[in-house]
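Participant: Residue numbers (my numbering), protein chains in the order written: chain P, 1 to 526; chain Y, 1 to 99; chain W, 1 to 630.
Some clues are possibly wrong.
Restricting the straight-line Cα-Cα distance to at most 25 Å, the calculated cross-link-like pairs of lysine-lysine (DSS-like) are [claimed, not checked]:
no. : chain 1 : residue 1 : chain 2 : residue 2
1   : W       : Lys28     : P       : Lys461
2   : P       : Lys513    : P       : Lys493
3   : P       : Lys391    : P       : Lys296
4   : P       : Lys391    : W       : Lys28
5   : W       : Lys371    : W       : Lys444
6   : P       : Lys513    : W       : Lys162
7   : W       : Lys444    : P       : Lys391
8   : P       : Lys296    : P       : Lys513
To give an idea of the chain W side of the interface with chain Y (calculated C-beta under 7 Å), a few residues [unchecked claim]:
no. : residue
9   : Lys55
10  : Tyr609
11  : Ala610
12  : Met613
13  : Gly615
Hints listed in this document are in silico derivations from the structure and should not be mistaken for laboratory results.
Don't be surprised by glycine CBs; every beta carbon is placed ideally from N, CA and C.
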Amino acid sequence: MSFPLLTVTAAVPAVGAVLTAAVPAARRTGAKWLALLVSLATLVLAGVVWAQFEPGGPRYQLTESHAWIKDFGVRYELGVDGIGVALIGLTALLIPFIVLAGWHDADPLETSSKRWRPTQGFFALILMVEAMVILSFEATDVFLFYILFEAMLIPMYFLIGGFGDRAHSGSDENAAAQRSYAAVKFLLYNLVGGLIMLAAVIGLYVVAGNFSLTEIAEARANGSLDMATNTERLLFLGFFFAFAVKAPLWPLHTWLPNAMGESTAPVAVLITAVVDKVGTFAMLRFCLGLFPEASKWATPAIVVLALISIVYGALVAVGQRDIKRLVAYASISHFGFIILGIFAMTSQGQSGATLYMVNHGISTAALMLVAGFLISRRGSRLIADYGGVQKVAPVLAGTFLIGGLATLSLPGLAPFVSEFLVLVGAYARYPVAGVIATTGIVLAALYTLVLYQRTMTGPVKEEVRALPDLRARELAVVAPLIAVLIFLGVFPKPLTDVVNPAVQHTMSDVQQKDPQPQIQNVEAAK
Amino acid sequence: MNPVNYLYLAALLFTIGAVGVLIRRNAIVVFMCVELMLNACNLAFVTFSRMHGNLDGQVIAFFTMVVAAAEVVVGLAIIVSVFRARHSASVDDASLMKL
Amino acid sequence: MENLIALLIGAPLLGAAVLLLGGRRLDKSGHWLGTLLAAVSFVIGLVLFADMLGKSADDRALHQTLYTWIPVEGFQADMAFQLDQLSMTFVLLITGVGTLIHVYSIGYMEHDERRRRFFGYLNLFVAAMLLLVLADNYLLLYFGWEGVGLASYLLIGFWQHKPSAATAAKKAFIVNRVGDMGLSIAIMIMFTTFGTFTFGPVLAATGEASEGKLTAIGLMLLLAACGKSAQVPLQSWLGDAMEGPTPVSALIHAATMVTAGVYLIVRSADIFNAAPDAQLVVTVVGAVTLLFGAIVGCAKDDIKKALAGSTMSQIGYMILAAGLGPIGYVFAIMHLVTHGFFKAGLFLGAGSVMHGMNDEVDMRRYGGLRKYMPVTFITFGLGYLAIIGFPGLSGFFSKDKIIEAAFAKGGTEGWILGTVTLIGAAITAYYMTRVMLMTFFGEKRWQDDENGRPPHPHESPRSMVIPMVLLAVGSVAAGALFEFSGFVEWLEPVTGFAHGHSPISAAAVTTATIAVMVLGVGLAYVQYGRRPVPVVAPRGSLLTRAARRDLLQDDFNHAVFVTGGTHLTRSLVYVDHSLVDGVVNGTAAAVGGLSGRLRKLQNGYARTYAVSMFGGTAVLIAATLLMRAV
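Starting from the given sequences, assemble the full structure and let the hints guide the process.
Facilitator: Structural data, given as structure tokens:
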């Protein structure tokens, strides 16, 4: 038996979480370093997974399979395809920066009791989320995936509800109430989604007799498992609903602005850049993989919802007065692009969507973390409380601008590659949808640059006059992220090499071929 | 004498007991009414035993008595401790379980 | 040789990276580094140019493929460059004028504490612009296209502590993004039609595509060109862009970036040739903008905004020429290059004047400067003569050719376009004479600046004067050089060329051009040369007032897009909060309310529970009996 690399990759942060939680109250700083080391070790392991993965090889690699609950045919089955590898890489890459950015976010207040250990809990929860997210990208057993999909709500709930943003307007009680509202809303939305998915998981078991993704997909492909059309559609909807809540897709999105607005910036990044990706990832792997016919049936409606997300999210972002909520609505717009790319059912669209997941994670992390640094300096999330920051903190403003430019998909930065691929892929199948989605690039410029203008330019406001520029720790968070954005913007090949074969498998799952150009053999015509 | 009359008596006793449980407030009286209902049942069992000509009903009547005895022990203990704590044997005063 | 192409872009890119990341250590030397790297790029350009001249006309294009940029199934974008005669022309213009303006900026930005950053942005611009003209496919062109947009954004907003500058920068970027949408859609249509967006294959295969597709591509490319080149209806950003430092206005918003739209159309010549409807729209846009810009230029008192109106108008000429097809492409590029010289020279002259006048931009507060700034006066004057088309100077040759080609379009269209270009020439002469007279002639109308300092006009330092002189030489000589050295033959292999058949003779066109020029100059002289210029602008006619407000373009945009958009976003925020979220919160409230009612049943009285138990038991027994009876 070979070395269980995938299990270890997920187990390291899980064990790290337990150890971090066990650090005594007085050793707060030690807990931070431990968490950082564990997340870096996970990053190394993710790198090993990336290196071990052969893009041209079989679809699922590094597989592990053990019996788990025999009576129901539930197995502990792991395996990664290119999409999984890319997203594990994203998760492992972001967590060290999230830890580093949240270095002081959970320091206990002077007044709190000596035995109170919020710091340990904060970092342990982050590592726990990392472990669950990584394992969910690896799971090829539907039941195992479902458990992880639901279980990651628990640490997220405590991260949102327990460690709120210290910058707020109004009294402490008001902030606490807002925070607990956001946390409960997050939990309820996702639980409802999960509940419906549970019904669909049980339904799938009744129809298929086991939970193995590979076995079911194979049986469906060779015709030995026949689903009635309506059954398939119902099951598809059950799965899709849960993923659409998590993704989030309009009109199931309203939990995200609350959750991102009330939590600290690193946790907001954790939500939108890492945890939400499980939703879109699962659409690709489970919705398309298990229910190809139903996916095609539902495509028109989903494309419309995705378009609404794109335009609506961007327009509402323009109207926001709160920096973090603005980023949240921008994310909703971006998730619209990802879902559009997935359901365009073209190679370009799906490769683009996968790249988009990675790039959006990095770009939102860059923007949101810098925004967090800004907010923690001034103690306010309101755009109107800033102005002229560029003058007093040029490095902060510069990095904020680069994060913003990445968000508006400027060529040369990674998100452009993915956004353009999604647009081309969507246009090839649905020209009208492609054109409507393209308006998103104007709106993105609008909300980003308006935000930058109002916060960073103009005369220096009295309250921001004393803001310090980025510190070394903060620069260590932002600079590598920006470097990755630029690198993947001009040389995305390492990513596409891994993703492309996986996308071809998905395309064959749904039995779709790319629309061919109207004029064949253009080279020959020359 | 027609054994059916015993059934009428049992029904009457049961009704008196039930009404007592529902309308009285003193825990002791409520308790006695419960006992009354149990004994009404016992009477009905014994009557049925006689009517059907087997011993099943009598056996069950014994069981009921044993259970009733155990219940009296536990129940009275509770009532006494509640009375000690709140200086009242009224059942309406013990309404802590509501939301 | 082809390996040098990447270096061409690499040198200024390196400069940008070093200057922007280098920090304060480079504050002292940064501007020299930036200028040096721009000059290096220019030298490499000259080497490549010399090499190209040595080859036969059909064999001059060079290709360099670095690597595959975006490899996805069925979709391949290469990081690959193509250097042909058209690109070469642009490379020399960009690096040549670019280097001169770097030199000029050393003096102009001397007292700005952020000069290092300014040079970083300038280098970034040069790199992006070179990428734009050297790309061998539309997607890479798009990369450069947005790159220059970014550089333009950063430079317009360079003095971002001024709210007006920050707003202007944002406006430029967003309006340009509308145009970029056109470019993206054009690339998408190309991809679905041809399966590729590399220049060579796409342009070679245009013969096989349907005219409808080509028209759509053409119109989308035109939208992109309108954004970048400030053509109607996306022209509104250019005037505001004058908030940037003057060297920026000279380099980006006059000589190079704004001409990218012309490059795009000429580069896509094969597409437009096969789509006459799209071509017609191109000429209409060009003609409208030509007049629009000229009229705006007549009314502005801000010297830079007057020149911006002029830029818009001159680019209108180029776009119009590009819309004429093979009879016009070469002349569009020719005018583009000559315009690059004289307009850059004019802007640098304006910058020099502002430098001497405490950054005053209102021409009504200038007057009589020719004695105080002789070199500026002469170089500006030569640029002025070039732009109005004084015989023998560069503008004369290039503009005359465009007017001739417009008549040669043939039919009614030809007459209309020809007449418009002639009217444009007259207005050009008028507004440029007005600028000249108000600035350098007449009595002094100087005023103290906000701090109460009176202006002390003086000639600018040498670093500013030398570029002005060199550009003036270009403005004088470039036209004749092109005319007699075979510029047409040089570009023909790339753009194609056809002789137009004008309904009126070339001599007649030239005579008419000179006649309308004299008319324009004379009219301006009567108005501004013979009479004193009032320091406070008179109210003016309805048209003047409208032209001062850029013919109400901003009022229109504000009323339709800004106000409408604000209402839309506000109402959507409301919808999101009250409707979408409201449904969810409403459900929660309903469940809460219902459970509140139900809770009342649990009143804690044991007898109430007992009643319900008895009641329940009774109902159950009754039901059982009833069932049995039935």
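Participant: Confirm or reject each hint.
Facilitator: Quick rundown of the hints versus the structure:
no., hint, verdict
1, Lys28(W) to Lys461(P), "30 Å, violated"
2, Lys513(P) to Lys493(P), "23 Å, holds"
3, Lys391(P) to Lys296(P), "53 Å, violated"
4, Lys391(P) to Lys28(W), "20 Å, holds"
5, Lys371(W) to Lys444(W), "11 Å, holds"
6, Lys513(P) to Lys162(W), "54 Å, violated"
7, Lys444(W) to Lys391(P), "38 Å, violated"
8, Lys296(P) to Lys513(P), "13 Å, holds"
9, Lys55, "93 Å, violated"
10, Tyr609, "10 Å, violated"
11, Ala610, "6 Å, holds"
12, Met613, "10 Å, violated"
13, Gly615, "10 Å, violated"
When the structure is compared with the earlier hints, violations turn up for hints 1, 3, 6, 7, 9, 10, 12, 13 and for no others.
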